[in-house]
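Given chain A's structure and the hints, the job is docking chain B onto it.
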Amino acid sequence: MIDARGLSARVGSFRLKDVTFAVPNGSYGVVIGPAGSGKTTLLETIAGITPQTGGTLHLDGRVATALPPEQRNLGLVYQHGYLFPHLSVDQNIAYGAAHPDVAREVASRVGAWELRDRPVESLSGGERQLVALARALARRPSIVLLDEPFSALDPRRRESTRRELRRIHREWGMTMLQVTHDFTEAGLLGDVAILLDAGRVLQSGKPEEVFRHPASPYVAEFLGAENVFAGTARVLPDHSPDWYPGVEPGLAEGHHAIEFRTGALTIYAVANAVENPGYAVIRAEEVLLSLEPQVASSARNHFRGRIAEISTLGALTRVSIDVDGSVLVAALTTRSAQELALAVGLEAYASFKAMAVHLC
Amino acid sequence: MIRLFPQLPRSIATIFAALLGSLLFLFLVAPIAQLVATAGIQGSERLVTDGELRRALVLTAATATVATTLGVLGGTPIAFVIERWRFRGRAVVAALLDLPLLIPHPVAGIALLLVLGRDSAVGQAALSLGLRIVGSPAGIVCAMLFVSAPLYLSGAREAFARVDRRFEAVARTLGDHRWRVFRRVTLPLSGRGLVAAAVVMWARAVSEFGAIVIITYNPKTASVLSYDRFTSFGLREALPVAAILTLLALLPLTVLRALRYERRPGLDVAGAQG
Numbered sequence: 030m031i032d033a034r035g036l037s038a039r040v041g042s043f044r045l046k047d048v049t050f051a052v053p054n055g056s057y058g059v060v061i062g063p064a065g066s067g068k069t070t071l072l073e074t075i076a077g078i079t080p081q082t083g084g085t086l087h088l089d090g091r092v093a094t095a096l097p098p099e100q101r102n103l104g105l106v107y108q109h110g111y112l113f114p115h116l117s118v119d120q121n122i123a124y125g126a127a128h129p130d131v132a133r134e135v136a137s138r139v140g141a142w143e144l145r146d147r148p149v150e151s152l153s154g155g156e157r158q159l160v161a162l163a164r165a166l167a168r169r170p171s172i173v174l175l176d177e178p179f180s181a182l183d184p185r186r187r188e189s190t191r192r193e194l195r196r197i198h199r200e201w202g203m204t205m206l207q208v209t210h211d212f213t214e215a216g217l218l219g220d221v222a223i224l225l226d227a228g229r230v231l232q233s234g235k236p237e238e239v240f241r242h243p244a245s246p247y248v249a250e251f252l253g254a255e256n257v258f259a260g261t262a263r264v265l266p267d268h269s270p271d272w273y274p275g276v277e278p279g280l281a282e283g284h285h286a287i288e289f290r291t292g293a294l295t296i297y298a299v300a301n302a303v304e305n306p307g308y309a310v311i312r313a314e315e316v317l318l319s320l321e322p323q324v325a326s327s328a329r330n331h332f333r334g335r336i337a338e339i340s341t342l343g344a345l346t347r348v349s350i351d352v353d354g355s356v357l358v359a360a361l362t363t364r365s366a367q368e369l370a371l372a373v374g375l376e377a378y379a380s381f382k383a384m385a386v387h388l389c
Numbered sequence: 141m142i143r144l145f146p147q148l149p150r151s152i153a154t155i156f157a158a159l160l161g162s163l164l165f166l167f168l169v170a171p172i173a174q175l176v177a178t179a180g181i182q183g184s185e186r187l188v189t190d191g192e193l194r195r196a197l198v199l200t201a202a203t204a205t206v207a208t209t210l211g212v213l214g215g216t217p218i219a220f221v222i223e224r225w226r227f228r229g230r231a232v233v234a235a236l237l238d239l240p241l242l243i244p245h246p247v248a249g250i251a252l253l254l255v256l257g258r259d260s261a262v263g264q265a266a267l268s269l270g271l272r273i274v275g276s277p278a279g280i281v282c283a284m285l286f287v288s289a290p291l292y293l294s295g296a297r298e299a300f301a302r303v304d305r306r307f308e309a310v311a312r313t314l315g316d317h318r319w320r321v322f323r324r325v326t327l328p329l330s331g332r333g334l335v336a337a338a339v340v341m342w343a344r345a346v347s348e349f350g351a352i353v354i355i356t357y358n359p360k361t362a363s364v365l366s367y368d369r370f371t372s373f374g375l376r377e378a379l380p381v382a383a384i385l386t387l388l389a390l391l392p393l394t395v396l397r398a399l400r401y402e403r404r405p406g407l408d409v410a411g412a413q414g
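Here the protein sequences come in this chain order: A and B.
Using my numbering, you'd call the opening residue of the first sequence number 30 and step up by one each time.
Using my numbering, you'd call the opening residue of the second sequence number 141 and step up by one each time.
Chain B extracted, bound-state conformation:
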């Protein structure tokens, strides 16, 4: 192992590393803990009394679920193809799909507005079919999908990469064609990773603000509502909304940790000792 500071005694280096780690831990946890401690109870009460907050939460959960469903349906085959097939331009396609992760989210919102706005070809076509995208839940779904689908794609690719191709090879020699192998072997073996990727996507969609606020300010998602309360009524009114959003964020986080840390049986192929 390479020592970063070879001139430092081992014990001092350990104390230094522990100190830095603890500071970062506090920096990440303290604001959230403070927020929940200050307004957690009030936020929970608001769930009963504040109709606008309830509607915002339901809208957020529903649109995030629709966006995640679309992301999973469209992203799974793309992730599989990128991970399993070798074709010219594969790296370029993979990089393009990662791009939405790198651009600022308001910029993503502006880009979506250009493509899906009333003046765009897609927007006009949708309007002619009676579907308004900008300023509607459909716009929220589009914004959520744009910013969070790359996370699903990345997670799904990793999940497929973890499945040894030889499982699929054996299944094919046992008479299954490609699609049947995917259904009977690849999907069950990558399932846990795909669900984890979907949970990450859903959580990211729920927390999205920048792109949504550009494309659909109203109806308000929870993140837009917390911003709206802050700018209209100040910190006091924004705190309960922010606290309840934080508490609800624990839900996907718990699911994710359970999926990641639960024992993954069988992906080792060598067998038990003895």
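Only chain A is shown next, with the shape it has when bound in the complex:
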């Protein structure tokens, strides 16, 4: 278990400030943040390499604040591997190994065993990452800290290594904390997501929770939400005709129907007691696009506008719809976009459910 409370550290002029989060025993934590947000410094502080200047740190229930790195029973894998260049690959893997058999087993499982006869300097960046991973795991630590450990692997290898690491993690019951830029990776691996920026934790919790309910518009935009609107909200009274003409709101207890006004848009949302929400966030995947009005749709929010921009990236296409000066972005598969024969300037309809609107 990693339990950080008010953790602070300093490296040159950079400060890690009041970092609080917990990764329960045997869980997989993921740290997400822009470049320079302090992700590596956080891992190094947990490892005891960067001195802690404040707060408390518990590792596996022990107070680790004053423990030297070698007594923290953790493994650290840097993005660049930092393989010892004066040792062979084999010696690198065996460096701190709990037992030669463990080193061999783990090296085989992550695909580093076949590299054992190669000189370190001949390894590619990805191969170095595999050897570094094997070296850290061979010690059988209870906690593993990973700093973008798959960044140099090709997509196929990345996927297989990620799967194998997840298996080892479950079998051995280790606690993992991984730094990544990849939101998909964070969603696939993480039990706990920690969003870091400028040395502070912006939000932490279950990845789905963080992605669906970002704590601030900054978090939402950082996590890739295209539709972030500033505006004002008003709680609608129960059975309000504004909410859904002729239909009972039927909201769960504690939830309210909210009307959110932003520019030309009036957005309906469902939320529990949010105090003065200033922003509405809708993920582009939640916005349904059509060229005809969606009469039978159960979605509460419907808008008519004109297609302002179409951008295709592989299998996904993003379409910007101008609704009286406000722009809504919808994401759909490229195939669907082709079937709809979308073109800039066409009239289009965007709709999304009230539950898809996150207020913060």
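In case anyone wonders, no lab produced these hints; they're calculated from the structure.
Each residue gets a CB set at the ideal place from its N, CA and C atoms; glycine is no exception.
Hints should not be assumed to be uniformly reliable.
[To be verified] A short, non-exhaustive set of chain B residues, derived as facing chain A with CB atoms under 8 Å:
id, residue
1, Val310
2, His317
3, Val325
4, Leu329
[As the list claims (entries may be wrong)] Here are some of the chain A residues that sit facing chain B, going by a computed Cβ distance under 7 Å:
id, residue
5, Glu99
6, Tyr124
7, Arg168
Just chain B, lined up with the frame of chain A:
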């Protein structure tokens, strides 16, 4: 890139720079080449016939080796601490250790005489233990150590600075305590740089004259002998000694160049392409 003389055409500037560089090269090489050409063969013959020269060379090599050993043993931990630890007064300590490089070497000899001379506390303590410093090989070692150890310290600091701390960090997370990390990781990775620094120190110790001549004129090191031959017998007698010293200086120079230019594997961490 900033052009020093923007008004000059590029070709003229190139010719001008090449001319200046060539002049400096000739200025540095010509006297040595002339010395070796004039007296190199004679100097090599003197190695066989001149017993005093042989003794001086052996004494120089032995005292320089002892001084270098002491410098490496004492200087390595100091260089490591200055390079790796952050403490108040670190810059002052580093500056103080560089100071012997800046003072004239006869002044260094006089300073050493004050501290190690017969009338000093250290000198008297050494004498009571049967060790005479001034006028003995021990004095030569002290003079050599004083003037050349800062060069080792500087080289060793650079060697440690070139070792990325993250190698050491990884080793610590793999269970090694500080001293074990130093032995298993830092020392092997900085080894080439440390040896190069030791070679520079040894070469500087061998060529030292100013401080040695103040503290120990006799027994004579090679540099003192060449000076002695010059003042007693003139240029003709000094030339063979000077030439053989120059030829022997090629030895550490060759070692140094081999260490510097040989490929340094692995200190890059990103890995090969692909």
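Structure-based check of each hint:
1. Val310: holds, 5 Å
2. His317: holds, 5 Å
3. Val325: holds, 6 Å
4. Leu329: Holds. Min distance 6 Å.
5. Glu99: holds, 5 Å
6. Tyr124: holds, 5 Å
7. Arg168: The hint holds - Arg168 of chain A has a Cβ within 7 Å of chain B, the shortest such distance being about 6 Å.
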